[in-house]
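**Q** Order-wise, the sequence lines are chains A, B and C.
Per numbering that gives the first Met the number 0, the first sequence runs over residues 0 to 332.
Per numbering that gives the first Met the number 0, the second sequence runs over residues 0 to 409.
Per numbering that gives the first Met the number 0, the third sequence runs over residues 0 to 193.
Read the hints as simulated data drawn from the structure, not as lab findings.
Fair warning: this is a prediction, and the values are worked out from it, not measured in the lab.
Mixed in with the good hints, there may be bad ones.
With a straight-line Cα cutoff of 25 Å, these simulated SDA-like cross-link-like pairs (lysine to any residue) come out [to be verified]:
#1 B:42 x A:115
#2 C:70 x B:353
#3 A:65 x B:201
#4 A:194 x B:56
#5 B:42 x A:144
#6 B:42 x A:117
#7 C:70 x B:348
#8 C:70 x B:374
#9 C:70 x B:356
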Amino acid sequence: MTAPDVKFYQVGSRAVGNRLLPLDQRSEQADPQRHNALTSGHRACQGCGEALAARYVLDTAYTEAKGRLVSVNATGCLEVFSTPYPESSWQVPWLHSLFANAASVATGVAAALEARGDTGTRVLAQGGDGGTVDIGLACLSGMFERNDDVLYVCYDNEAYMNTGVQRSGATPPAARTATTEAVGVQPGNPFGTGKDLPRIAMAHEIPYVATATVADLRDLEAKVRTAMSLRGARYLHVLVPCPLGWGSAPSDTIALARLAQRSGLFPVYEARHGELGAVLPLRGRVPVEEYLRPQRRYAHLFRDGSHAATLEALQHLADRNIARYGLGAEETF
Amino acid sequence: MREQLEGSRAVAETVARCRPQVVPAYPITPQTHIVEAVGAMVKSEALENCRFVTVESEFAAMSAAIGASAMGARTYTATASQGLLYMAEALYNAAGLGLPIVMTVANRAIGAPINIWNDQSDSMSQRDCGWIQLYAADNQAATDLHVLAFRLAEQLSVPAMVCMDGFVLTHAFEPIDLPEPEIVDRYLPTYRPRQVLDPDDPVTIGAMVGPEAFTEVRYLAHHQLQQADHWFTELADDWSLLTGRHLATVNPYRLDGARTAVVSLGSVGGTVAEAIDGLVEPVGALGLTLYRPFPAGAVRDALDGVEHVIVLERAFSPGAGGVVSADVRAALAGRPTRVSTVVAGLGGRSVTTASVQRMIGAATTGRLPALSFLDLRDDIVDRELAHRDAVHRSGPPAHNLLRHAASRPR
Amino acid sequence: MSSRATFEVRLHGRGGQGVVTAAELLSVAAFLDGRESQAFPSFGSERMGAPVMSFCRVSDRPIRVREPVLKPSAVVVADATLLHHVDVFSGLAADGFVLINSAFSPTDLGLEELVATHPAGHVITVPATDLAREHVGRPLPNVCLLGALAALTGIVSLGALEQAVRERFPAAVADGNVRAAAAAATLVPEVARA
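Produce the complete structure using the sequences and hints provided.
**A** What follows is the structure, encoded as structure tokens:
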């Protein structure tokens, strides 16, 4: 019998399964014994950024909580694709109530634990951008204001994807959605609208606010670990590309997330009690166009030469973020 | 112990004796005295091992209740009117998930026009949400029903709302026998959930169910809710053994030999009884304590032999007519009983003994229409209708009616 | 006063004068006397200074009705400025009682007809605000008026009223109010004769 044809790949220090790293420096995802809190068999699209992020977040949180983790999920893509009747891919206690109330339901779970003196079990709430920045904002703000002991994770794919790609308060300017079509004088989502939830969270001065993307697994896991080491209201906002909604190739999900960060359009940072802390500096900054071109939701900007002003405005947004958050980019465009 | 105290206070004290573990609270007139009292008891630690959460809306209140109950905590909240509607989505969710939350509804009208006074349109609007609905005839009943509600809800894994007329009961001082804490402890065991979020035994709660199984899930919810009819009686018997006080799904009054009967829910029953006592004709009354599930069998039995049933409703269905009347008619199907609907006491208008006697008089002399509004001010109505005919831009109805009412003497 | 009938009191005042509390205390006092009683306010959005009403029924049988008191056996007016604004005497029984918080006599207040059409000594005024200022240190006439009402109508005993007040308020506040109530009660026989 011939030996099996095993391919060895030489990979860099940031890869998930880098066997060259000492055990204690490997990511949670590199551990074959990881819990798989969101296990396989769910019905997410090929290349779904949210499924990836949820897996990363839940497994790390589960380990930090020593297995005593309860998850509350808003209605949305994650909830729908993870629980196709009669199956469930959740290997943690998991509760789905409504669209707008994940934060409040989590408040209730945390209250029940506190009432019976259980300080070991931790509560994690999750929702998409629609369920968090729009319909769920009141409940989220209430949870923040009371400093309830909940880690809320928002998976931001920048539109109401589950219902067919409609615009949300997190949809970026100029992006095409089903309710901001690429037609008319100002195609796509208008400028001057939209909410910056991480900044709103910072304004509540809660113990921990952080942004992250699926491109940087270690950064995301580290932020989950930091969040889990703290008590009170904590907020994590993760950029998760959606191939369907963004009109991008499924294999581009991680690359696009990295480009979003490297363009400056999605700043990655941490904050405590409203004060900005560490940021992920831009190494290899790219012009916004490099990030926008692979996404059909921005295709209208490149059809003819008539959208130079829009592209400039988007570039300006990126420049502003770099300045505002001190992202330390050496290149300018 | 028998005391003279405010209805809200009695409810708060009794709920505290039921040892709730999580109480999310959002204020709305006229429930405020209840949650304030519970909050004070938690703060002073008179009520221990309880988290009182001041939430940012009624929707948040019921949502937090859902989370707490799913985590295995005995959970309580209170609301009314607009607040009940604001949490409507969560009401259906709690019932659908099978969480035994108990809630006081301090019955109040629903706007527009905004109105803070008592009627039952709020809880009636949610009669199909899958919650057990209990209506208190007086503050003693309100007190006892809360203890019963926790036991009933937890027995069946169905949430229960105890409805008590806003202001009329919540803000009234009357003699109430508060059940001793030891009695409540004997009656109400520690909450043992049928389903719970447990890291040692993870389950998925709240998954989507498609066409292939949804009907069965809903049928089972209906079946479960129907069990509350006979369980109410059984658990009320247990309560009566401990306290000597009897609660029943329906409360007949002088129905033996009665040819006419007035059916009602809530505190107006007292006025109806007083009105009947002043009459010579054989008129009886039936007060419903259990409304959902509808105690059709008990209603049918109680109204056996009655020729004319008047359903005195504190709510109605615009464009259709009575709400409770429809349930009563269905329960009496096959009998020649005449059922009339009288809509009364909307938005806090007092239902007086005299008005009820006039209503009964009209009924017994064949002058009561199938649907009527008690003490309707025809003069104001006619004036507004004439105004609308005359002028297209007739203005906000509420504003006009207030002006008509002010300018015309009674 | 017939023990078989229900004695119904309607109290009129302005928000902030303690009219709602007065009805509650009256009902607690009646309860302590071993009677059945009920009290509730006319409900409205609370605002200082707005006219308010509260009601109290006392009986020997359980009270089943909850409508506002339309045919009062006694009317208490905590603020005389309401007299010609609000129909405070509406439905008053022919042998009913009227107690008004005022340093003026009923005649001075323009109530000659009321006095003439009701039994002697049934329509009186008592300077409750002054008494309250003197004994309680605040112009809150409610408990003081209850003392007068007890003496005028016998609806509750002064002892029960005192107990109700002590159960409701801390000692310092209760003491002053009890003294004011007693002072008003003492005044009643003289003003009733006048």
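**Q** If a hint holds in the structure, say so; if it does not, say that too.
**A** Tested hints:
| no. | hint | in the structure |
| --- | --- | --- |
| 1 | B:42 x A:115 | holds, 16 Å |
| 2 | C:70 x B:353 | holds, 12 Å |
| 3 | A:65 x B:201 | holds, 14 Å |
| 4 | A:194 x B:56 | holds, 22 Å |
| 5 | B:42 x A:144 | holds, 19 Å |
| 6 | B:42 x A:117 | holds, 20 Å |
| 7 | C:70 x B:348 | holds, 17 Å |
| 8 | C:70 x B:374 | holds, 19 Å |
| 9 | C:70 x B:356 | holds, 17 Å |
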